[in-house]
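Dock chain B against the given chain A, drawing on the hints supplied.
Chains as they are written, first to last, in this note's numbering: chain A, 168 to 604; chain B, 168 to 604.
No incorrect hints appear here.
Just so you know, same-sequence chains aren't split out, so a pair can sit in one copy or run between any two.
Derived DSS-like pairs (lysine-lysine); straight-line CA-CA distance at most 30 angstroms:
1. Lys195 <-> Lys523
2. Lys521 <-> Lys391
3. Lys602 <-> Lys533
4. Lys599 <-> Lys195
5. Lys171 <-> Lys474
6. Lys533 <-> Lys195
What the hints contain is simulated information worked out from the structure, not anything from laboratory work.
Number of protein chains: 2
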Amino acid sequence: MPRKFGLPRGIHDVTPEEMAKRLWVLNKIMKVARLYGFQMVEPATIEHLETLEAKSGPDIKNEIYCFKDKAGRDLGLRFDLTVGMTRMIASRYDLPEPIKLYAIGGMWRYDEPQYGRYRYFYQWDAEIYGSSSPLADAEVISLGIDILEEMGLKDFEVKINNRKFMDAFLKNLGLNEEKSLATMRIIDKLRKKPKNEIEVQLIEVGLNESLINKVMELVSLNGKPEKILSQIPKEALKTEESLKTCNELNELFSYLNSLNKNEKCVLDFSVVRGLDYYDGIVFEAYDKGGEDIGAIFGGGRFDKLCKIYGRDVPATGVAGGIERLMISMERNGLFPNLPFQPETFIAVASSEVKNKALEVAASLRKAGFSCDFDLKNKSLKQQLEYANSMGIPIVIIIGIKELLNNQVTIKEMKTRKEFKANINDIPQVLTKILKGN
Amino acid sequence: MPRKFGLPRGIHDVTPEEMAKRLWVLNKIMKVARLYGFQMVEPATIEHLETLEAKSGPDIKNEIYCFKDKAGRDLGLRFDLTVGMTRMIASRYDLPEPIKLYAIGGMWRYDEPQYGRYRYFYQWDAEIYGSSSPLADAEVISLGIDILEEMGLKDFEVKINNRKFMDAFLKNLGLNEEKSLATMRIIDKLRKKPKNEIEVQLIEVGLNESLINKVMELVSLNGKPEKILSQIPKEALKTEESLKTCNELNELFSYLNSLNKNEKCVLDFSVVRGLDYYDGIVFEAYDKGGEDIGAIFGGGRFDKLCKIYGRDVPATGVAGGIERLMISMERNGLFPNLPFQPETFIAVASSEVKNKALEVAASLRKAGFSCDFDLKNKSLKQQLEYANSMGIPIVIIIGIKELLNNQVTIKEMKTRKEFKANINDIPQVLTKILKGN
Chain A
168 MPRKFGLPRG IHDVTPEEMA KRLWVLNKIM KVARLYGFQM VEPATIEHLE TLEAKSGPDI
228 KNEIYCFKDK AGRDLGLRFD LTVGMTRMIA SRYDLPEPIK LYAIGGMWRY DEPQYGRYRY
288 FYQWDAEIYG SSSPLADAEV ISLGIDILEE MGLKDFEVKI NNRKFMDAFL KNLGLNEEKS
348 LATMRIIDKL RKKPKNEIEV QLIEVGLNES LINKVMELVS LNGKPEKILS QIPKEALKTE
408 ESLKTCNELN ELFSYLNSLN KNEKCVLDFS VVRGLDYYDG IVFEAYDKGG EDIGAIFGGG
468 RFDKLCKIYG RDVPATGVAG GIERLMISME RNGLFPNLPF QPETFIAVAS SEVKNKALEV
528 AASLRKAGFS CDFDLKNKSL KQQLEYANSM GIPIVIIIGI KELLNNQVTI KEMKTRKEFK
588 ANINDIPQVL TKILKGN
Chain B
168 MPRKFGLPRG IHDVTPEEMA KRLWVLNKIM KVARLYGFQM VEPATIEHLE TLEAKSGPDI
228 KNEIYCFKDK AGRDLGLRFD LTVGMTRMIA SRYDLPEPIK LYAIGGMWRY DEPQYGRYRY
288 FYQWDAEIYG SSSPLADAEV ISLGIDILEE MGLKDFEVKI NNRKFMDAFL KNLGLNEEKS
348 LATMRIIDKL RKKPKNEIEV QLIEVGLNES LINKVMELVS LNGKPEKILS QIPKEALKTE
408 ESLKTCNELN ELFSYLNSLN KNEKCVLDFS VVRGLDYYDG IVFEAYDKGG EDIGAIFGGG
468 RFDKLCKIYG RDVPATGVAG GIERLMISME RNGLFPNLPF QPETFIAVAS SEVKNKALEV
528 AASLRKAGFS CDFDLKNKSL KQQLEYANSM GIPIVIIIGI KELLNNQVTI KEMKTRKEFK
588 ANINDIPQVL TKILKGN
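The following block holds chain A by itself, in its conformation from the complex (with noise of 0.2 angstroms):
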């Protein structure tokens, strides 16, 4: 028995049933962003390990691939797409701003593999870079929205949130940077982790009962923009900063219901994205059925961070992992009837009439149909047989006999029905055929 070779652990292969409802998936995400102006670009799979640590410092060298070239230089696979397309802007000062790009890509992260989760899996991911308005935030956020639309989605979430308002609010507390960072990384874990442990964490990290529960208070606060606006303790909201970035969201959730997207988002103070990076609007969209799989897409504003990169511009944007959304799209049962077997077969009932088939297989390619003939010198049953176990629905049987009168027998493979058809009119009856299907 000769040996099988295994993959790296989380890594995996897609196979053609897979690859036909990616193609279909990341079509109606290119065509989305075409929609809304974005321009499309591939960031680089490599870089230099200090441009991925610019943006996530160097523990990031933990969670990814990295290694040294031949040359002893210290490179990594990138880990998103914002780094990369950060880093292309930054050099390309023809393009006016705002630029709009985006990218869909593999990308790889040395993560424990999970549910959902793969060392090397795909994104979608689209940035505005140039524009410091909530209404950048509302575009990319509708971008967002209509790709689940797009796939067909429908019960799912937006939830929204300002970092400002965030930073504003604890350091209206008394928390210092580092404790108010550290209690943003620890309410991020709210969706995950049981409200106790969320506590404790809190209580770690420096902050008493009193302002845990004024913090347990506002997170708490979730809904239509409307009703919780007016909900938000007066406390929270008696600095100018606090009145300046509240009223941002005020502003986005307006553009987004000029949007026509208000119906799916909320406003939602436990939202704040872990990451340090983030310092603006920031929001994850969850299938309503599904939160165990995560945020659906996420994104939010990073105006620091590009200028990190060498270009001082704001920046805000959206990404979502193209598995995961796969996943929620296969639960709800979204995904069409997808072939992807040919249309048709060519049969040969013997030999002399195998440089025929091929004739036949190259005019109807040319004509649009797609085919397939035996490869394997096998008899006709065996042809059927193998057109019947691949899923072809129409077989072309070429025989000597009806050859000699121009004619080819059509059969088709459900119905089992067969006829006789002229070999010039092959085309206009599949046309017939694979349409009234």
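What follows is chain B alone, placed relative to chain A:
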């Protein structure tokens, strides 16, 4: 001045301009592969190093990106798509033979970067597993030709040979397997090195002048098979193996003829494909005006390779580099105008109508028109300048006065023609203008 981050040597980003062209190319490849009944897959990007070595020997380490993961396992980035697909089919006994798979994807090689050659590049690759018939070779060659023709390329040629015929010929001259393989690797460089350098190398392998003359005589034969097959020296056809393998070529060309591909195909005994795992029909396609970029596709039979990966089936395949193909197309001026900017820009005459602009944008996108709007509180003049610099053909201007009459101003940027239209008629007006262009 903030610092900029560069890219690792030989690694590049794909810009919006390039991406528009690449997508055009990839869609056409996918279309043709579908017509041939190939099913798309994506093999893993990271493999165990031993999986990669199984194809190409331990020296492959020097030519690829390889590294230890955090658990100390030796891994490598894929250097082609054949290894992955071959590993995949070894465990898919549910798929009936022949199995026709294809993939399009990026791969990495630690080569010295040169014109048209990067350390990360894209290939398309189609393989047929389970058929030893020259019909399968004809099928992959035909696929390659149809892909090039779909791109609009006309002046190209597929040079075809049979490694088994060359083996028989060299064995006949008294060369053992090692010398025979070494000779093949030297002949493979005929298109890149001067003839005398080739001859010196053949002397180094141990061939005497008489043998070298016989080898050079055979490998200089190339042209239409009808002509070339009659010019083969009698000595080269004196064994049964020679006759049999020469006949395989004959059979192949008869199939290519039936597939209507003979016009593009020649027999060329200098094409041997240097790689050791090829063991039958081999071929390379060249853009006649641009042989300097190398073969635009190539491939052949690798019957013995699959067994190494755990499934003893014959196989043949074809692969081509996307970047090279795009250079060839660029040189031949084959790319159509591929607009990647949105079709419309919604400009506002004053900020009071901003929300109205969003409503119009949302409705136009819903109707299938790509559109963008101001995200930076620009003046109307600046908005028009931005739309112009982006090459957006149509601007829809929203002003308060017009809005009272339910009207907007539509401006064609090329002709600077302006006219008023009812806000509800915009989709029809756009259809007319965009189709007229």
